[in-house]
Amino acid sequence: MATGDTAGEAHVEVRDLTMAYGSFVLMRDLNFTVRRGDVFIIMGGSGCGKSTLLRHMIGLKEPARGEVLYGGESFTAAPPGRREQMVRNFGVMYQSGALWTSMTLAENVALPLEQYTDLSKREVRDIVAYKLALVGLSGFEDFYPADISGGMNKRAGLARAMALDPEILFFDEPSAGLDPLSAKRLDDLILHLAESLGSTVVVVTHELASIFAIGTNSVFLDVESRTMAASGDPGQLRDRSPREDVRLFLNRGVADGKSFPNGAPAATNGGDRGDRDRPAGPPDR
Amino acid sequence: MDRQGTAHLAAERAGDRLRVTLGGAWDIRHPRPGIDGVLSQLSAATPPARVEFESSGLGKFDSTLISCLLQLARGASERGVEFDFASLPEGVDDLLEMALAVPEKRDASGGVTEVSFFSRVGSASLAMVDGLFDLFSFIGECLFAFGRLFTGRARFRRRDMWVTMQECGAEALPIVSLINLLIGMILAFVGSQQLGSMGANLFVANLVALAMTREMASIMTGIIMSGRTGAAFAAQLGSMKTNQEIDALRTFGFSAVDFLVLPRMLALIVMMPLLTIYASVVGMVGGLLVGMLTGLTFQQYFDQTMRALDFTSCAIGVGKSIVFGVIIAAAGCLRGMQCGNSSSAVGTAATAAVVTAITAIIAADCLFAVLLSILGI
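Chains F and G, in that order, are what the protein sequence lines are. Each residue of the first sequence is one higher than the one before, starting from 1 at the first, in the numbering used here. Each residue of the second sequence is one higher than the one before, starting from 286 at the first, in the numbering used here.
Simulated from the structure, these hints should not be mistaken for laboratory data. For glycine and all other residues, C-beta sits at the position ideal for the given N, C-alpha and C. There could be a bad hint or two in this list.
Quick partial rundown of chain G residues pointing at chain F, CB under 7 Å, derived from the structure [to be verified]:
# : residue
1 : R288
2 : Q529
3 : E530
4 : D532
5 : G538
Okay, chain G solo, but in the shape it has when bound (with noise of 0.2 Å):
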């Protein structure tokens, strides 16, 4: 028999035995024989009383031929069928030993099992009631952090709450003016071509003033700082978790939210509003360019504008921010002090944190509007 060619496989019923008979070079780059047809001969209507080996013909193998054993040895042993490993050759049975010496981990809570359309269907609701039950707890624990900090006990590097304020204040100035610029003239434009056609071009000036001050910065700035600002928080805490940070913390006794929650949620209270005071006058720049454009002097223009603002519109867009900047801090931190134990679960974290925000900040500001509108502001 060729000890070079190509592996084969077969097997012979003699009796109450099954021969199988291993030969040629079993390699993981060539092809090899499969093993049903031996498993189906082992559970024949009178199964075999024993499996034994013919090898003299057997090259080089490689593992390749254990894990085709191993299969065997597996099916043999639920079928009841003794398994000779004596008649195979050296270092092939102590390799197939080994990989039998510890049990196959049935058990295993892991593992895949299949699962009804109701089992499903159940424990999604349960992990929603689970979130919501997070989403309450981390909201009172925020609250007592607050408590404790306004009765000076809150535990927390002042450093962490100015390297903070920089990173989503000071660093946020550019794509916050690009953005709110660009804004502020797309107003204009729309405004212009509707107003213009009915001569009421200096208008575009009130648009302008009033969709900025009173939605447009707050919102844009809001949603900007959820993906640059939120899913940054989401990402240390997340990273953290992984690293057992946040555990260590909890050993010295401290609090987490205090420590890591508080100083990024004093930190976007302050520069949210600033930063939308700043996306309001950049969004009337926008303006100013697309009015000078089409036809407006700086002076008719910029009066215009001083009479449209008042300062209601002005403290709407101010309090909002206030409300969006807690939003993005807690769903940032939220996410990250949820996030699992992986680098995957670091990436979710942050998508998750982005996805809460803005949908927590639009739903806000839905909600404002409603209330403005019924009390007549």
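The shape of chain F in the complex, shown without the other chains (with noise of 0.2 Å):
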């Protein structure tokens, strides 16, 4: 677990990032680097590639060219097993939850624990009662993921993401499908989980409230270029920005006091490559 006196550090590291899916090139030569402690978010129009970029930082793609560095050490060059290993630090949370649709949520938060820690079964149950509280779900251990709604789906998720106190969190559109107040919820999760584990957090979002909220640094993908317009902290963006587009999107298309009410000019006519927006699940409870 990170500490205070390595904060500030290199904790993600991506070079030369190119994605493809197969000759189609989405995004080529991505550098930045996630601090520890950071709350870091990628954003970019529907459709240029942000879960994709998400799914190759924690291994679920392989990078046409380029690699991901974790704490200094490749892991887009580890050996499976050392992989295994560092993946073991991540905790992701899915756009739809991605529960193990057979299992209780107990037995899902469970699941990891039992696999990776010597703990007695009344340890876990305990642990597992815990962070089902802490998303607000207490009470409902044995109910499947099939039984409740798409917001508790996602909240189970990120308890199940939590299990393992992991050092580095990844979120894939937290608040989509959410209603403001749950989405407000799980932005101050969010927040009070990087600051009182000392997490490092990386966020897939276009939820402009949500980045503002919780975003200490970011990058932003473009669709049209192809690669990445900028980075830094997203409120200096919005408001020094070189990029007009980049300033656009971070102020819903109005910027310098004129706007486009067709959208920004930036079209973000990508289609939805890799990108799964889904309709709105049924409210949350």
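Mind assembling these two chains? They're in different frames, but the hints should get you there.
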């Protein structure tokens, strides 16, 4: 677990990353660093490859070129056994929750604990109860993922992602499909976790409210030039980015007193490649 | 002009301008004029420089008018003709500008493109090579997983294995019983017609006993299990893949093969031989029923069956059933893991699993027949 004196050093480094589907290059030459303790936002228009970038960072897709490093060690070049060890420091919350549907919520959260620790059954049960309580799902231990709403699935997915107290948490569109209040609560929870546990957090999102509420650093992917357009503190990018399309994005299409009623001219016509937009789930309980 | 009348559209050339008159009520439920006439005027030998609109006769309109104008606007811009938005009524030009705000995506890789015969043959061959590559890497991963299992390092939930055993063992008994009883009866009917005519009706018992233990019980059980369990495996794994559950396993450092394939394969490796032994017995009971119908006594049939049964035939049947179990589990899991990201892909995966498993079972059985006959067993 990161402590105060290691905060600020590079935790994740992405070097010259090029992402491609076969011969179709989605993004090229991505270079950025996530520091320990950062809440790092990956943003950009729909279909620009935000979720795909996340999948590259957690090893679900192999880069066409370039590499991803964790704490200075190459994840891309690591042999499978070493990779499995590195992956155990990750917690990933998927867009739809991606809970294992054949298991109850408690079993979902307990599985990593049972497999990777030698805690007793009772200790596992206590930790599971605590993690579910953290995300507001106390008492839902024995429910199956199909029995609860989409928003609750997401929160249970967060509880599972936190099961092993990971050093770094990845979130894929955490607030998509949630009502504003639940989205706010989730943002607060993310901030709280990052602060109290000292975890590094990487979030894929295009919700402006979330971006400014939690982000301390960010990268902006541009669908037109197929590379990163900017990186840095999202608040500063909004006010002082030299690129107009970045300012427009962060100001909801209103820049320098001029409005674009038909959406920002930085057209987001990339289709939904790699970015699984789902219809909003049922309202959160 | 009648603003409630039928929708109409007329184009009139005035110097270097094309004047388009819009009129009537444009309604999706009523007939509308085509725009080919206007488009052909745009491509005339001396194209107009500008398209203008006269819409004082235009009544109510809906999307049909906008979509029609969108085609016109696209046609005009392709031919370098100026399109006068300002002469369109309020509301129409806003909607049209919104539709035109984002340029049409022309390089979309999902677009339909003409493909030649050779490129289709080429991509089909490449897909086949990819399929083979997938198959071999899957077999390799399974071997590694079994290696980890024997060294005690494989991670999966024991409970999954017991549940799968119950699903593909005990719960399959009724259908396995029915099919094999009928198969035993069919064999006995056919046998007694032939053997009875030579006065050797008693040998029906030998025929049924040998055919069931050596061939039919394992094959029929294999086919039933392909349809029942193989398809279920593919659908389970396919929907897990669609729902990113397999991704979630991987990002927890669990091997999907250890976690999902091993328990299923182990369950079938244990259950298939048991089901096959059971199926042989049920098939012989079917033969007995028919034998008693055709005049044999229970004691005669039973004694003859016991004389006909030998350890080798039984062992061959059981041995084959283990191989079939591995085939069914592998086909189901492989097709499930290859599943695409949609609900129809899950159905396709289930179908593919059944087809693959049945084909592989028949092919493997054929291979067994050849090998055993070469070895003279």
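A quick look at each hint next to the structure:
1. R288: violated (29 Å)
2. Q529: Because about 4 Å separates Q529/G from the closest Cβ in chain F, which is inside the 7 Å limit, the hint holds.
3. E530: holds (5 Å)
4. D532: Nearest chain F Cβ about 5 Å off; hint holds.
5. G538: holds (4 Å)
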